[in-house]
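Whole structure, please, built from the sequences with the hints as guidance.
Protein chains: 2
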Amino acid sequence: MKLYDEGTPAPNPRKVRIYLAEKGIAVPRERVRIMRREHKAPEFLAKNSLGQVPVLELDDGTYLSESVAICRYFEALHFAPPLFGQEAREQALVEMWIRRAEFRYWAPIGMVWRHADPRTAAVVGRQFKEFGEANRKIASDALLWIDRELADGRDYLAGTYSMADIVLLCGIDFGKFIGLDIPKEASRLHAWHGRVSARPSAAA
Amino acid sequence: MKLYDEGTPAPNPRKVRIYLAEKGIAVPRERVRIMRREHKAPEFLAKNSLGQVPVLELDDGTYLSESVAICRYFEALHFAPPLFGQEAREQALVEMWIRRAEFRYWAPIGMVWRHADPRTAAVVGRQFKEFGEANRKIASDALLWIDRELADGRDYLAGTYSMADIVLLCGIDFGKFIGLDIPKEASRLHAWHGRVSARPSAAA
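These protein sequence lines map, in sequence, to chains A and B. The numbers in the working numbering rise by one with no breaks, and the one at position 7 of the first sequence is 7. The numbers in the working numbering rise by one with no breaks, and the one at position 127 of the second sequence is 127.
Heads up, a few of these hints could be off.
Treat identical chains as interchangeable: a pair holds within one or across any two.
[Said to hold, decoys possible] Here are the computed lysine to aspartate or glutamate pairs in the EDC-like style, where the Cα-Cα straight-line distance is at most 16 Å:
#1 Lys47 - Glu57
#2 Lys40 - Glu90
#3 Lys40 - Glu6
#4 Lys137 - Glu185
#5 Lys47 - Glu149
#6 Lys137 - Glu90
#7 Lys47 - Asp152
#8 Lys137 - Glu43
#9 Lys137 - Asp60
#10 Lys176 - Asp5
If you are wondering where the hints come from, they were derived from the structure by calculation, not from laboratory data.
Structure, rendered in structure tokens:
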């Protein structure tokens, strides 16, 4: 087994690293250097035709991509401590919050990065800058919405700490890298961010 | 338990209906009329603050939203026949293909619908039409890519029929509703579409 990985600030590999740190699972890693475009080289495209990291190579030769799918692979083999929920209701809430974090926050910050950031301009093709810029407010509004959702006083998105928190943390921290931050008035979300960032896994 | 639902062509409620039909699970339903904006009424926003269907109300008063999260709730209670994969590797492949279908196809057709369709213009706020139109090619290219991925001759995205096929089917059929179709040359994907559409569940 081998994990094809990339370092900071790439948010998708980080999700898997935090997940593995929380579970206490060690996996051999090979670095794929995005800045050198190694993820677009033919040898890597044979592993993931989308040319994205992370990728997990299994001993039977299967290549798994998509960070959350890789984590689900480990979850099926090492259930405790559960990070995708314990019983049916909690499993559904974790899935719901993963999706909310992705569709509501990751999607607009991806559009800012793709369409409005000068660092991607050279490699992504045509940018729709005004559209990209408009996504800053969508992303910011999403965080204000999540802050309101936390008004019941719970510590984590789905109740207990879960993959959903990992997904949102990596999204928010990548957002900071591209100039987006948690709105000042989102005090509950700031507290949540402090809480998840204080876990040793957050350094992964 | 109650499922808040909407009829054709809304693709998200359809995913849950197909899933339930495949599993042979009957759930009481209440129709939420999107055309009458019932999903944006205060009573419904109390169930899902995002104002989206479907929503599943549990007997303990929990409201679950996000179609795939609702299906995972049922999967945890009724494993057979598995639609999110049998063992770890298959579970990861199903998750991977759900995500590929969503990020690669649902995301761009959502942008066409949101930014380039006259039917949404009145309710979505500002449209970036040129950006929306540009997503037609992104969506079409995604289907050509999936067609190439099926070149190994397998019948379904993750090997056996799964939630990933349901997600892609509902995306493609919604795409047709907004003027996008499977490219002619994508013969493997056309065959796949015929195969999944022929299942009785597809009428749900």
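Right, here's what the structure says about each hint:
no.: 1; hint: Lys47 - Glu57; in the structure: within (8 Å within a copy, 41 Å between copies)
no.: 2; hint: Lys40 - Glu90; in the structure: neither (38 Å within a copy, 26 Å between copies)
no.: 3; hint: Lys40 - Glu6; in the structure: within (13 Å within a copy, 42 Å between copies)
no.: 4; hint: Lys137 - Glu185; in the structure: within (15 Å within a copy, 40 Å between copies)
no.: 5; hint: Lys47 - Glu149; in the structure: between (39 Å within a copy, 12 Å between copies)
no.: 6; hint: Lys137 - Glu90; in the structure: neither (31 Å within a copy, 38 Å between copies)
no.: 7; hint: Lys47 - Asp152; in the structure: between (44 Å within a copy, 15 Å between copies)
no.: 8; hint: Lys137 - Glu43; in the structure: neither (39 Å within a copy, 27 Å between copies)
no.: 9; hint: Lys137 - Asp60; in the structure: neither (45 Å within a copy, 36 Å between copies)
no.: 10; hint: Lys176 - Asp5; in the structure: neither (21 Å within a copy, 37 Å between copies)
Comparing the model with each numbered hint stated earlier shows that hints 2, 6, 8, 9 and 10 do not hold.
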